[in-house]
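Engineer: Sequence:
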Amino acid sequence: MDTVSGIKMCFGFFLMSLMVIRVIQGEIEYKVHWKVNATYCSSGDIKDKRSFIIPTSDVVFFNKTTRLILDRRRYGGDQDGYVYVKYKGPETDPKSVGVGTYILVSRQGDLRRNENPVTNGRVESAVKNAVRTGTGSDFSKMYHEYPITYGVTISYVVWKTKDSWTTEELYRYMPTSCAEGNKWMANEGFFQLNDTTGEWIPIYYDPWNTDFYYK
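The opening position of the sequence shown corresponds to residue 1 in the UniProt record's numbering, with each subsequent residue numbered one higher.
Taking lysine-lysine pairs in the DSBU-like style, the calculated list, with each CA pair at most 35 Å apart, reads:
hint, residue 1, residue 2
1, Lys35, Lys95
2, Lys64, Lys31
3, Lys35, Lys86
4, Lys215, Lys95
5, Lys64, Lys35
6, Lys160, Lys88
These aren't lab readings, by the way, just hints derived from the structure by calculation. The structure displayed is predicted, hence computed values, not measured ones.
With these hints in hand, go ahead and build the complete structure from the sequences.
Structural biologist: Spelled out as structure tokens, the structure:
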């Protein structure tokens, strides 16, 4: 074996050792990117963000077999943003540990008058300074001009060295048509991402208080 080949083998073993150490330490890191898909729909007047806002976004880690939530984070939301999230095991294999997300969707501006009266107190507290709902009469605008199509990509952060990393996309939930059911929203409230279909399912509780990531 020549010297160059020996150096390459040693360097490769060093990188493998770094990856093994991360698994043994029981830590895995993801990049979660929420994004309005304005290509196919008007998407809540995304250009000036005067229709929809995302007050909070939650990221959860759950057991894929039992659906039990193992850990969770809550972030201040935005229509287009991303976070890096670390999860410390004991189980870190992406085949066993799923990544899910919830979002809180609300409206701002005068259009909010046409929204249904708020029935979830958490929504009310998040947008307490906004225009009151249930005081308008032109409901058609919400459904025909101002839906929001929202997507998520979830990537695994791969560390090559202690100072160098890249990402490998694991899941992509990005609607490609306004006609796709449950992949666009026109009402306020909490929504849970279905990790199989990519649909946003309306829920009627604060996701911070649930123990399971239901299908």
